[in-house]
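Undergrad: Chain by chain, the residues:
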Amino acid sequence: MIALDKLTDVFVAVADTLVADFDIIEFLELVAEKAATISAASAAGIVLGDPTGRLQFVAASEQSVRLLEALAVQSESGPCQDCFHTGGPVVNTDLRDTEAHRRWPAFARLATSLGYQSVHALPLRHQGTAIGALTLLSVHAHPLEDADVRVVQAVADIATIGILQERSIRASGVLTEQLQYALVSRISIEQAKGILSRIHGIGVDDAFSLLRSYARGAGLGLSAVATEVVNEPDRHPTLTRPPR
Amino acid sequence: MTTSRPDPAVARILLQLADEPLPAGADGLVSTLTRLCAALVRHLPASGSGITLVGEGHGSAGIAAAAGPRSRSLEELQFTLGEGPCLDAHASRRPMLEPDLVGAGSHRWPIYGPRAAELGVGAVFAFPLQIGSARVGVLDIYRRQPGPLSAEALASGHGFAEVALRLLLQEQAGASEGRAPEGLDDVLAHRMEVYQAQGMVMVDLGVKPAEAMARLRGHAFAAGQDIAAVARDVIDGILHLQRDHPPHDPGEHP
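In the order they appear, the protein sequences are chains A and B. Position in the first sequence counted from 1, then plus 920, gives you this note's numbering. Position in the second sequence counted from 1, then plus 12, gives you this note's numbering.
Derived by calculation from the structure, the hints in this document are not laboratory data. Glycine included, each C-beta is placed from N, C-alpha and C at the ideal position. Hints should not be assumed to be uniformly reliable.
On the chain A side, residues computed to face chain B include the following (Cβ under 10 Å) [what the hints assert, rightly or not]: (1) Arg1090; (2) Glu1097; (3) Glu1110; (4) Ala1112.
Turn these sequences into a full structure, and let the hints guide you.
TA: Here it is, written out as structure tokens:
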């Protein structure tokens, strides 16, 4: 049975990763490495569902060709695929059993030929569905008791938290950039109003009307034209040259 | 209200509050951020607080909120001078903590430091509003007495900055596709004329945006005037900034 204090190591290592310069792949590789170590599996890998619902390999405990092959073949069929679709764990698969060869013939044949004997797949759970799976592969018999499954599932949950956190940060980053763009655009429009007001000897409200009708006529965005009036006025000579 | 003890739970509570959607209607971005600044002054040992939005390449774009005596003037001061802790925090992407504005702070910001001290500030702490490489503004905390923030107060400062950013992002998330969020115009309202005047000075003097703003600032500084008042005069045609004399007068600078 897995000692619980080993799980503490995972949390500590993960907390270190969560500080500055968070890199999601680096983080998932660390989780895979720790998952393999604490469960005494030969190797661990993490796959995620892509927008089309296919599983893609994202991280592994080691950079070995056979591990990558064992993960890749599961994008079609295998314990990972079943785990991903059902949202539940698929554990204690012994690849020497005929049952495994009946369920996933291609995977069982390949994994056996690569020297693996045992495989487990735990879901990366989010709101009742799986967004991916954590797989443990071993070259020897590697039974997990119920208590062990709970511990490995906790490790899979840590991976999920990291992935969701990164997604949330990325979404906030996009919003921040949009707000920054809106801010700078708004300033450019006021500056352009001032510029056009002076060039044409009109009030700022009329300058705005001029800017807007020019942008509409040219099929361009108001912000884009305003920014160019400020920084590259020669791109819009009919707008930015004084009337004769 | 510098007597209240720092409350580390406040940041957490506000984080939870910020996750709640804002009521639609009267409760705009500016009033929400102003309430946030007021809460900060109440819960931290602070005499004032302000939130300035910073535009890339523009410096201080507009004051989103301020609470406490003269906080708005202090935020405006950084815009007028083009220097100060808020702009440095934005540029360096790190909190700018200056517990001694009169001493070290006046070396750091030779013009801003003494002026801020005249407005009754002994210490200033600026927290950038950013996520990843994206950034949009700064939260400033002012204290009458010099001295560093306690660890708790520093954590709360980060918490308030986080809440401020979330409120701003919530406003952005609520904006319709391709449109600026409604609250942004309220934030920029007090600067609209300054940017218009900047455009006018660009044409009058044939200069780039940065130089036009520098000329407006220089005039405001020399005349001891608010930059908004200078802008108003430019727009009304009362003030015409003159082209510079040749920068190198051969008689004085060989």
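Undergrad: In ascending order, which of the hints set out earlier in this document are inconsistent with the structure?
TA: none
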